[in-house]
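Trainee: This is what each chain is made of:
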Amino acid sequence: MMYRAKIEVSLKSGHSDPEGEMTGQSLRELKYSVKSVSVSKVYEVYFEADSRQEAEKQVDEMCRRLLANPTKDDYRFEIEEVK
Amino acid sequence: MSLYAKRNVPFELFEVNLLDADDKQLLQISGEMGIGLNLNEMKAVQRYFSRKKRNPTDVELQTIGQTWSEHCYHKTFKGNIATPKSEIRSLFKTYIAKVTNELNPPWCISVFEDNAGLIDFEKGYAVAAKVETHNHPSAIEPFGGAATGTGGVIRDILGVWADPIACTDVLGFGPLDYDYEKLPSGTKHPRYVFRGVVAGIGHYGNNMGIPTVNGAIYFDESYVGNVVVYCGCIGILPMNRFVKNTRPGDVAVLVGGKTGRDGIHGVTFASAELTRKSEEVSRPAVQIANPIEEEKLKRAITRTRDEGLGSAITDLGGGGISCATGEMANRSNCGVYVELEKVPLKYPGMAPWEIYISESQERMLLSVPEKNLQKVLEIFEGEEVEATSIGRFTDNGILRVDYLGQRVAELDLHFMFEPPRVRRNAKWKEPDYEEPYFPEPENLTYDVFKLVASLNIASKESVVRAYDHEVKGNTVLKPLHGRYGGPNDAAVIKPLSDSWKGIVISCGMNPNYGKIDPYWMAASCIDEAVRNNTSVGGRRVALLDNFTWGNPEKSDRLGSLVRSCQACYDFAKGFRTPFISGKDSFYNESPLGPVTPTLLITAIGVIPDVKKAVSMDVKQPGDIIYIVGQTYPELGGSQYYQLRGFIGKTVPKVRVDKARKLMDSIIKAIDSRYVKSCHDLSEGGLAVAAAEMSFSGGYGMALRLENVPRTEKMSRNDFLLFSESNSRFLVEVPEKRREDFETLMKGNVYAEIGRVKKDSYLSVYGLNDEKVVDASLAELRNCWRSALGG
Amino acid sequence: MKKKEIRVCIMRVGGTNCDAETKRAFDDLGVKAEIVHLNEMVKKGNLLDYSALVFPGGFSYGDYVRAGAIWAKGTLTNLRYDLRRFVEEGRPVLGICNGFQVLVEAGLLPGFEGISEYPEAALATNVPIGYHCNWVYVKHESSGQCLFTKEIQKGKVLRMPVAHAEGRFLFPKEKENDYLKRLYDNDQLVFRYCDENSEYANGAYPINPNGAFHDIAGICDPTGTIFGLMPHPERAYYGWQLPDWTKGGRMPKYCDGKSVFESMVEYLRKKS
Numbered sequence: 001m002m003y004r005a006k007i008e009v010s011l012k013s014g015h016s017d018p019e020g021e022m023t024g025q026s027l028r029e030l031k032y033s034v035k036s037v038s039v040s041k042v043y044e045v046y047f048e049a050d051s052r053q054e055a056e057k058q059v060d061e062m063c064r065r066l067l068a069n070p071t072k073d074d075y076r077f078e079i080e081e082v083k
Numbered sequence: 001m002s003l004y005a006k007r008n009v010p011f012e013l014f015e016v017n018l019l020d021a022d023d024k025q026l027l028q029i030s031g032e033m034g035i036g037l038n039l040n041e042m043k044a045v046q047r048y049f050s051r052k053k054r055n056p057t058d059v060e061l062q063t064i065g066q067t068w069s070e071h072c073y074h075k076t077f078k079g080n081i082a083t084p085k086s087e088i089r090s091l092f093k094t095y096i097a098k099v100t101n102e103l104n105p106p107w108c109i110s111v112f113e114d115n116a117g118l119i120d121f122e123k124g125y126a127v128a129a130k131v132e133t134h135n136h137p138s139a140i141e142p143f144g145g146a147a148t149g150t151g152g153v154i155r156d157i158l159g160v161w162a163d164p165i166a167c168t169d170v171l172g173f174g175p176l177d178y179d180y181e182k183l184p185s186g187t188k189h190p191r192y193v194f195r196g197v198v199a200g201i202g203h204y205g206n207n208m209g210i211p212t213v214n215g216a217i218y219f220d221e222s223y224v225g226n227v228v229v230y231c232g233c234i235g236i237l238p239m240n241r242f243v244k245n246t247r248p249g250d251v252a253v254l255v256g257g258k259t260g261r262d263g264i265h266g267v268t269f270a271s272a273e274l275t276r277k278s279e280e281v282s283r284p285a286v287q288i289a290n291p292i293e294e295e296k297l298k299r300a301i302t303r304t305r306d307e308g309l310g311s312a313i314t315d316l317g318g319g320g321i322s323c324a325t326g327e328m329a330n331r332s333n334c335g336v337y338v339e340l341e342k343v344p345l346k347y348p349g350m351a352p353w354e355i356y357i358s359e360s361q362e363r364m365l366l367s368v369p370e371k372n373l374q375k376v377l378e379i380f381e382g383e384e385v386e387a388t389s390i391g392r393f394t395d396n397g398i399l400r401v402d403y404l405g406q407r408v409a410e411l412d413l414h415f416m417f418e419p420p421r422v423r424r425n426a427k428w429k430e431p432d433y434e435e436p437y438f439p440e441p442e443n444l445t446y447d448v449f450k451l452v453a454s455l456n457i458a459s460k461e462s463v464v465r466a467y468d469h470e471v472k473g474n475t476v477l478k479p480l481h482g483r484y485g486g487p488n489d490a491a492v493i494k495p496l497s498d499s500w501k502g503i504v505i506s507c508g509m510n511p512n513y514g515k516i517d518p519y520w521m522a523a524s525c526i527d528e529a530v531r532n533n534t535s536v537g538g539r540r541v542a543l544l545d546n547f548t549w550g551n552p553e554k555s556d557r558l559g560s561l562v563r564s565c566q567a568c569y570d571f572a573k574g575f576r577t578p579f580i581s582g583k584d585s586f587y588n589e590s591p592l593g594p595v596t597p598t599l600l601i602t603a604i605g606v607i608p609d610v611k612k613a614v615s616m617d618v619k620q621p622g623d624i625i626y627i628v629g630q631t632y633p634e635l636g637g638s639q640y641y642q643l644r645g646f647i648g649k650t651v652p653k654v655r656v657d658k659a660r661k662l663m664d665s666i667i668k669a670i671d672s673r674y675v676k677s678c679h680d681l682s683e684g685g686l687a688v689a690a691a692e693m694s695f696s697g698g699y700g701m702a703l704r705l706e707n708v709p710r711t712e713k714m715s716r717n718d719f720l721l722f723s724e725s726n727s728r729f730l731v732e733v734p735e736k737r738r739e740d741f742e743t744l745m746k747g748n749v750y751a752e753i754g755r756v757k758k759d760s761y762l763s764v765y766g767l768n769d770e771k772v773v774d775a776s777l778a779e780l781r782n783c784w785r786s787a788l789g790g
Numbered sequence: 001m002k003k004k005e006i007r008v009c010i011m012r013v014g015g016t017n018c019d020a021e022t023k024r025a026f027d028d029l030g031v032k033a034e035i036v037h038l039n040e041m042v043k044k045g046n047l048l049d050y051s052a053l054v055f056p057g058g059f060s061y062g063d064y065v066r067a068g069a070i071w072a073k074g075t076l077t078n079l080r081y082d083l084r085r086f087v088e089e090g091r092p093v094l095g096i097c098n099g100f101q102v103l104v105e106a107g108l109l110p111g112f113e114g115i116s117e118y119p120e121a122a123l124a125t126n127v128p129i130g131y132h133c134n135w136v137y138v139k140h141e142s143s144g145q146c147l148f149t150k151e152i153q154k155g156k157v158l159r160m161p162v163a164h165a166e167g168r169f170l171f172p173k174e175k176e177n178d179y180l181k182r183l184y185d186n187d188q189l190v191f192r193y194c195d196e197n198s199e200y201a202n203g204a205y206p207i208n209p210n211g212a213f214h215d216i217a218g219i220c221d222p223t224g225t226i227f228g229l230m231p232h233p234e235r236a237y238y239g240w241q242l243p244d245w246t247k248g249g250r251m252p253k254y255c256d257g258k259s260v261f262e263s264m265v266e267y268l269r270k271k272s
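Which chain is which? The protein sequence lines are U, A and Y, in order.
55 is the number that the numbering used here gives to position 55 of the first sequence; each next residue is one higher, with no gaps.
149 is the number that the numbering used here gives to position 149 of the second sequence; each next residue is one higher, with no gaps.
195 is the number that the numbering used here gives to position 195 of the third sequence; each next residue is one higher, with no gaps.
Honestly, the hints are just simulated from the structure, not real lab data.
Even for Gly, the Cβ is constructed at its ideal location relative to N, Cα and C.
Heads up, a few of these hints could be off.
[Stated by the list, open to error] The following label-pair restraints were derived from C-beta to C-beta distances:
id	chain 1	residue 1	chain 2	residue 2	range
1	Y	178	U	36	26 to 32 Å
2	Y	248	U	36	30 to 36 Å
3	U	61	A	248	37 to 43 Å
4	A	609	U	65	31 to 37 Å
5	A	113	Y	44	40 to 46 Å
6	A	243	Y	114	34 to 40 Å
7	A	388	Y	250	26 to 32 Å
8	Y	44	U	39	55 to 61 Å
9	Y	78	U	35	43 to 49 Å
10	Y	114	U	66	43 to 49 Å
11	U	1	A	371	49 to 55 Å
12	A	181	U	35	53 to 59 Å
13	A	786	U	36	54 to 60 Å
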């Protein structure tokens with residue numbers, strides 16, 4: 001079965017987020033009253049798996065093996081079957 | 001009458017009813033198809049197809065539009081120009097190429113005709129150099145425009161089989177504090193453009209691992225609507241591997257990235273004025289950059305070169321496959337047959353004309369003898385770069401293009417490469433600026449602080465450090481050098497492991513002077529580029545010219561261009577410095593008006609032993625400071641006048657014979673190791689040069705204006721300190737070398753004006769011996785560094 | 001091992017761009033170094049023919065996902081057993097800049113318990129943000145465990161350039177102190193950013209150019225045979241590469257980065 005996973009990798013709290021800070025500064029320069037910005041990365045992955053359970057297991061592995069570095073990254077994902 | 005008829009084929013192909021079109025319809029076709037040809041050119045196309053007794057396809061018209069565009073063919077420089085005095089047949093031949101032809105130095109290997117100029121270097125190696133303009137794309141999309149500009153000029157270097165080893169970037173922006181309210185809609189704020197352009201250049205150069213070693217940034221109101229982006233690249237190649245000799249039967253191999261719709265009509269767009277609508281209409285014309293693809297491409301190309309497997313190479317820039325195949329065939333008097341369906345695409349559904357003219361990045365064209373084809377394909381596969389044979393070169397002088405077995409284009413190459421000459425009018429009108437009068441300030445310390453903090457002089461460290469200028473480990477003189485990171489006059493690269501010979505890269509640009517007189521602007525640019533090279537020990541200088549001008553169809557814009565070209569001839573000849581390559585960008589006009597005419601001169605020199613290169617920071621208390629060169633009351637266009645809101649009239653001139661002699665003497669002094677530091681006098685004059693030397697080296701300086709060689713009329717301290725007269729240097733010489741140095745300088749204008757001091761103050765004594773400048777080095781350094789966020 | 005028997009592999013993939021100057025350093029020391037594409041090595045399966053392995057600087061695979069991540073996984077997947085044996089036999093592995101990022105992403109550094117399954121550290125986006133190219137000072141911290149700095153005195157201050165956008169060394173927040181202690185206990189801390197007078201940066205920019213935790217510029221694994229650092233020793237090899245070589249009377253022939261390569265060659269020469 002074909003699945004689509006939408007994976008979001010974001011920074012763990014506690015570490016500084018220079019990209020978010022810079023973006024916030026830029027938006028404030030444009031006169032928006034921005035309090036804070038956090039940046040995360042979204043991956044959309046299309047892949048084959050035998051079952052939903054199997055699909056979830058695979059995506060979790062993908063995250064741990066490549067997409068996120070547990071030292072600084074959190075991740076979460078949604079999975080849906082696609083026809 | 002219907003102008004377009006869809007052919008009955010299983011893909012999108014139109015026949016254009018050119019033969020029956022009247023003048024109005026010809027222009028309508030040119031406009032609707034976005035090919036940017038004028039009536040005269042459309043008529044030439046019409047005549048060609050009447051002789052062929054058939055109508056053209058859209059592929060053919062698009063191909064002609066690309067090949068004849070200002071960007072690809074440089075109509076203005078090659079066309080006829082009527083001035084009030086005479087008729088100029090080709091600015092290029094009359095002024096630029098003429099210098100090189102007359103000087104004809106044996107070390108110029110290949111000039112103007114190729115993707116980049118080639119000059120002899122050392123041990124069978126040649127240096128390749130090219131500087132591109134990428135103004136229009138950067139105005140629409142600063143990051144993408146500047147990145148692809150860098151990628152493009154690097155491919156120009158690859159396009160002569162050379163290894164890219166250094167980049168240079170000269171940029172022009174509007175004032176960073178420009179009022180948001182005054183921006184016309186569709187024009188981006190200078191701050192946004194600045195950030196994007198700098199990031200784009202860094203993205204490409206850093207990722208590819210090519211050090212960005214030289215550059216400059218200028219700020220001018222006219223750049224708000226017309227950003228100026230000059231991207232340059234220097235390469236090196238073993239001359240015995242240089243080959244451009246396509247033979248009939250050779251295979252046309254397209255290498256690099258896939259082809260998509262990105263960049264369609266980039267060329268015609270670069271040859272038109274920017275309007276409010278440009279943003280919406282032109283976005284797809286800006287290409288997407290992938291430096292890693294080009295890095296891999298570079299590896300595969302240099303290996304193909306080293307194994308001697310290709311017969312020619314060219315980059316795919318403006319006009320895409322259409323220009324590259326045509327030019328490569330034309331250069332070797334061949335023909336070419338292309339099977340367009342073989343081109344690897346990013347996505348399906350592209351019409352043949354789109355495939356043929358797309359300007360997708362990171363692609364190049366090779367011609368490869370059949371027997372080497374397999375080996376070449378393997379090399380590219382090893383680097384994970386796509387390589388596809390898309391056709392074959394023939395002996396018939398015809399460009400033939402098929403798509404899925406249907407002929408979609410057939411054009412005679414001699415027709416394609418002999419477009420009708422444009423004829424334009426040029427008339428320069430002297431602007432009526434006046435010399436300002438204001439009383440001489442008693443104390444000039446404050447003005448020195450203001451000047452080192454003015455945007456055109458202030459440190460560009462925040463930009464310089466965003467570029468990798470160290471990668472490859474060959475950067476001998478860096479953009480910021482010395483204990484406190486002073487602004488060097490030129491970069492020095494040591495490209496060969498087994499030789500001490502270096503390449504010296506510098507530039508000159510003075511748009512402010514051009515507001516008064518473009519002739520003296522060009523003269524000053526050449527002087528500045530050459531003297532920057534001289535300052536560090538560079539000689540045997542070759543020049544590259546880059547013009548950014550407004551709409552050349554307007555006679556005043558063209559008039560100023562003619563004037564600056566005249567100076568290019570006079571002064572390049574006078575300095576004995578041939579032009580080897582160049583590039584122009586016209587139609588830099590926006591709702592805010594035309595760009596300030598901006599000539600960039602890039603100078604490529606050599607230094608026999610990089611160990612003798614001289615940096616600009618002072619080295620030792622007690623050393624003598626000499627000024628070399630005469631100071632004139634030339635403050636027109638100066639930063640000092642600008643500080644007070646004036647332009648003025650007395651633009652700096654160049655006395656070229658004296659200047660050349662003086663620079664030769666400085667080189668001799670550097671080679672003899674008499675010179676400990678040397679800095680050229682440019683924006684801000686003597687005061688700024690002295691301040692920069694002093695705060696970069698960390699030692700003070702005491703100078704006497706009384707000793708400065710000057711014309712009789714000069715009686716003001718401020719004018720002596722801030723005049724921007726050309727061909728001047730400050731030179732640090734140890735006491736024990738005094739006699740040697742002075743003997744060497746005999747016959748030149750020079751004088752001892754002070755000493756390096758142990759304290760940390762820049763002190764200047766005026767004509768009446770009173771102290772007119774007393775500035776702490778820490779404060780000077782701080783002003784210089786903080787203006788642009790150091 | 002005789003000097004002429006030493007064979008150094010400088011590995012590269014698409015986007016690697018500091019391989020030539022790294023090779024030049026070994027050439028200068030009279031050691032044979034070869035630049036090998038990962039794909040070529042996978043095809044030949046000959047990693048174990050080499051005495052040392054170097055991951056040079058660059059932007060491997062465009063730094064997509066995270067700097068060094070894709071190259072790290074590619075190496076682990078394709079060379080897993082050979083690499084494990086290579087490391088177990090104590091053959092030196094050096095990672096410079098992007099190469100350091102690779103070693104961390106591959107779990108080879110800090111490698112408290114050998115090669116870890118998931119990264120135990122990270123090289124995150126610089127603070128302040130952005131690519132930064134400048135010369136820095138680092139203080140040598142190793143008491144002798146790291147084979148790449150054996151020829152350098154403890155406490156010596158070295159000068160080398162950095163050029164990167166992702167060099168902020170990090171441990172997981174909750175394990176920071178524990179991991180730092182282990183670095184000290186195992187003598188794994190090799191270089192820390194400091195000023196020219198050997199005072200630690202304490203996080204202050206630009207002395208610490210990227211905001212790295214504890215001013216960490218380079219670490220080795222507990223055995224001292226795997227070493228990664230953000231600064232570029234290969235760009236601080238010859239005297240004329242210094243940013244102020246014009247200052248003194250005579251230009252020095254070499255500068256500080258050379259000792260890293262020398263130590264490595266010296267180790268190999270002594271190794272049986």
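Trainee: Against the structure, test the hints numbered earlier, and report the numbers of the ones violated in rising order.
Mentor: When the structure is compared with the hints, numbers 2, 3, 4, 6, 7, 8, 10, 12, 13 turn out to be violated.
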